[in-house]
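Engineer: From first to last, the protein sequence lines are chains Z and S.
If you want the numbering used here, it's the 1-based position in the first sequence plus 13.
If you want the numbering used here, it's the 1-based position in the second sequence plus 108.
Hints are computed from structural coordinates only; laboratory data are not their basis.
Every residue gets a Cβ at the ideal spot worked out from N, C-alpha and C, and that includes glycine.
Each hint should be verified, as a subset may be incorrect.
30 Å max Cα-Cα, derived DSBU-like pairs, lysine-lysine [said to hold, decoys possible]:
| # | chain 1 | residue 1 | chain 2 | residue 2 |
| --- | --- | --- | --- | --- |
| 1 | Z | K31 | S | K248 |
| 2 | Z | K487 | Z | K519 |
| 3 | Z | K362 | S | K248 |
| 4 | Z | K139 | S | K259 |
| 5 | S | K302 | Z | K139 |
| 6 | Z | K36 | S | K248 |
Now the stretches of chain Z that chain S is said to cover, found in silico as 3 or more residues with beta-carbon under 8 Å [unchecked claim]:
| # | stretch |
| --- | --- |
| 7 | 149-159 |
| 8 | 175-186 |
| 9 | 236-247 |
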Amino acid sequence: MKAADWADGRLGIYGLAKSNLRKIFPDHWSFMLGEICLYSFIIIILTGVYLTLFFQPSMAETVYHGSYTPLNGIPMSEAYKSTLDISFDVRGGLLIRQIHHWAALVFIAGMFVHMFRVFFTGAFRKPREINWLFGFLLLVLGFFDGFLGYSLPDDLLSGTGVRFMEGAVLSTPVIGTYLVMFLYGGEFPGNDIIPRFFTIHVLLIPGIMLGLLAAHLILVFYHKHTQYAGPGRSEKNVVGMPLMPVYMAKAGGFFFLVFGVIAAISAIATINPIWQMGPYRPDQVSTGAQPDWYMGFAEGLIRAMPGWEIRFAGHTLVLGVFIPLALFGLILVVLALYPFVESWVTGDKREHHILDRPRNAPVRTAFGAAWITLYLVCMLGGGNDIVATHFHLSINDVTWFVRIAFFVLPVVVFIVVKRWCMGLQRKDKALALHGRESGNMVKLPHGEFTEAHIPLEPEQLYPLVSYDQQVPLKLPPAVDENGVKRKVSLNTKMRARMSAYYFGEKSQIPKPTVEEYKEIASGHGGHH
Amino acid sequence: MSQDEEMSSANNLPAEQDHGDGELAVKGDNPFADPGLPPHEHRRTDIDEKAANRAERQVAFLFLISMLATIGFIVSYYAIPKSQIVYIFLLGRVSALNFSLGLTLGVALFCIGAGAVQWARTLMSDVETPQERHPIEADKETREFVFEEFKAGAKDSAFGRRKLIRTTMFGALALVPLAGVVLLRDLGPLPGKKLMETNWAAGKRIINHNTGEPLKPSDIQVGSLTFAYPEGLSEEDEQFQEKIAKDALMLIRMRPEDIKDKTELDWSYEGIVAYSKICTHVGCPISLYEQQTHHVLCPCHQSTFDLSDGAKVIFGPAGHPLPQLKIHVGDDGFLAASQGFQEPVGPSYWERP
Ligand code: HEM
Ligand code: FES
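One chain only, chain Z, in its complex shape (with noise of 0.2 Å):
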């Protein structure tokens, strides 16, 4: 009592607590997709400082005689070895480096599922547009974070992907070969680029990120959270159970819960085993290089791109791997952008709490079906040759086939999800406005058989009829009142369109009346 009165004198904290102590959260299992992503991000840290306190950031030569003896007396960098220090001479060390790893393959899977559920709800709509972007930064920060953690241990592997990212520099038109010498200091590999890297590894990016998570995790309680459509929700009102103490118990459980269950994981799976490659040469490489998963996308990017060069005027256009690189920026940055442009679509400038169920906005979900696919064509071309040897095939067919499907799948998928969406729209309206089959066979009067349907419970029809249902933008009449032509902007038009693509009737099924309902529920008693 004391201790808090002191603090609230000098902090305000009862004021913050007030609202927030007992602040109500809803309940749902996708909710804690952002949490698992929160608990590997501080997993991350946690072991992340204790690897800092024994590894040494310099590419100096040094000859290697720890307890690992097969790579007794070989030359190395103080990266790689010290990387091995930590895995076989310092007791726990291994441990720390394996929880580290799989939590940041835990953290960017879970951002992308977490991402993708608010994508499907439209949880990203008015007033969250900003909380969106700020998690899609966290993600691209992420993704850099990993790749410059995955370098530094300097050895085989993590080389090769360093070499990588210097041919792909390389390739900027005009500036590469400067940003090149500009990033490592000089020439190839040199002897700054795991300095360097391990400063923005540990300290410029994690920090940003930290404040994004901060302000990320601070618009969520600002907005309050969203929440699934039901009995007695509302925009209006957010339903669900109180921060303290059941969250605290929840969430703070959840946190011990995602830590164990990665540190099970690092005494069962190992995971890149440095020790393995051998330290980083130049002029070696080990066969069936792979990066971690989550750039797999662009590596099927590089793989799959044909390698055009265009020559004119003493100079070289790398576009056979400048294409990919700017394509792999372009691929994220659409997905960062769909919340406004569907909001210029719609033109709505209402706040949205209420989830929408994904069958429920066809357009959005074929949509985010179509880029999850073409994230993951993207993938197996990265695979390309794993495929090719575990399936038998050639791996000159492989990459024809992703070359194909990069442009035809997506497309594919997006129609097919969006009539799947339809179907679903058409099953929900049969049921709201029929009710639930019972099994059970009736007779009508004139001798024909049908199954007898019970009507739903209110609270089993209140969430399939109280979604929002748009309907196509109409543009006003040619000619006003006056009998002046009106001019439509451009803008406008394409507005139109975009309207009538996405709420026309090719692209929903409209939502059941209560006049079809009475309709029915009086005419046919309930049945049919």
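Assemble chain S with the ligands onto chain Z, guided by the hints.
Structural biologist: Here is chain S with the ligands on its own, set in the frame of chain Z:
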């Protein structure tokens, strides 16, 4: 109102009350109305004291296991030698220390989590309550007040009136970051001709990568891939990594009549050809060789080069052939370069001719 706003607010948005407003519906009137929050259903632990006590014991048991596991962790840390390897079913040979530290830590953490979640699910209230939301946007008065305040502040500053201050301030603010940009200059040297040059030059002998000895034509067998570097390069060299990243060479021997490319034949010696080992895609070292076809393959992204035809790219993302090194045999009987590489090795870039 702009045309866009006029249209959107006019005819295409669904009515706001579509979601219901949380009020109880009058039964029978509107079947789609919000039926309101369902009544709370009691759990066993809410009504049965025995069940609640059982739940308490379960939670305590989980916390207890966690404590034991932490003790197990500490014991493992001291008791198990760090070099001990054990065989574990399905996992194979693993470090005993890593395995037991990881599992005990995992159990210690997991049980705390499981205990807390079980506690929350069984013994803490699960009554769902609504809490009101408030619009994020400020009301009209606040909005106007803020604009007034801002205007007053702007007026006080005389920012709009005193143009000279404004212009010079923007000038100063725009210039000062240049100091930071200039400071970045020493991050690295300018590229100059660095990427164009290697250590290969006329007369440099070709050193076998495996033995460290100069290569004779007889050392190179048909069907094998030999790696090499230029005479004078040593692993003790401070810039060994930078040099080998460009100098690495590979040699193969073919029957001279199998060489399809005229220049390639001219630059070869009795069917021995020497090519840069550094892939022209993004710079991995090439490591795989197929004897029958004389194709070499880069393991990174599978670029494939035909060494019997000027190292043309026949598959994969590389954009141009591997550079060839012209070789001959010197008076001492050893293979040597006849000249340096005639084009830059490794990945392509803007200044590459
Ligand atoms: C460092 C990584 C991230 C962490 C730690 C994190 C954490 C969280 C947490 C704990 C929540 C509340 C619980 C939930 O709805 O799951 C949340 C909500 C949210 N996140 Fe993230 N997130 C991360 C990345 C992302 C990404 C990549 C995106 C999308 C680009 C994103 C967008 C959002 C949005 C829009 C919300 C509000 C959702 C709602 O209220 O329904 N976040 N985040
Ligand atoms: S580096 Fe050789 S194929 Fe990419």
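Engineer: Against each hint, give a clear statement of whether it holds in the structure.
Structural biologist: Hint by hint, here is what the structure shows:
1. Straight-line distance between C-alpha atoms of Z:K31 and S:K248 comes to about 26 Å, which keeps the hinted pair within the 30 Å bound.
2. Pair hint Z:K487 plus Z:K519 holds up; C-alpha atoms about 16 Å apart against a cutoff of 30 Å.
3. The straight-line distance between the Cα atoms of Z:K362 and S:K248 is roughly 17 Å, inside the 30 Å bound, and the hint therefore holds.
4. Of the pairs offered as hints, the one joining Z:K139 and S:K259 holds, with about 28 Å between alpha carbons and a cut-off of 30 Å not exceeded.
5. For the proposed pair S:K302 and Z:K139, the alpha carbon gap of about 53 Å is over 30 Å, so the pair is violated.
6. The hinted pair formed by Z:K36 and S:K248 meets the criterion: a straight-line CA distance of about 27 Å does not exceed 30 Å.
7. Closer than 8 Å: that is the beta-carbon criterion, and the stretch 149-159 of chain Z has 0 residues meeting it against chain S, so the requirement of 3 is violated.
8. A count of 9 residues in the stretch 175-186 of chain Z with a Cβ less than 8 Å from any Cβ of chain S is obtained; the coverage claim is therefore met, three being the minimum.
9. Using a Cβ-Cβ cut-off of 8 Å, 7 residues of the stretch 236-247 of chain Z lie near chain S, which meets the minimum of three, so the contact claim holds.
Hint compliance for this structure: hints 5 and 7 are not met, and every other hint is.
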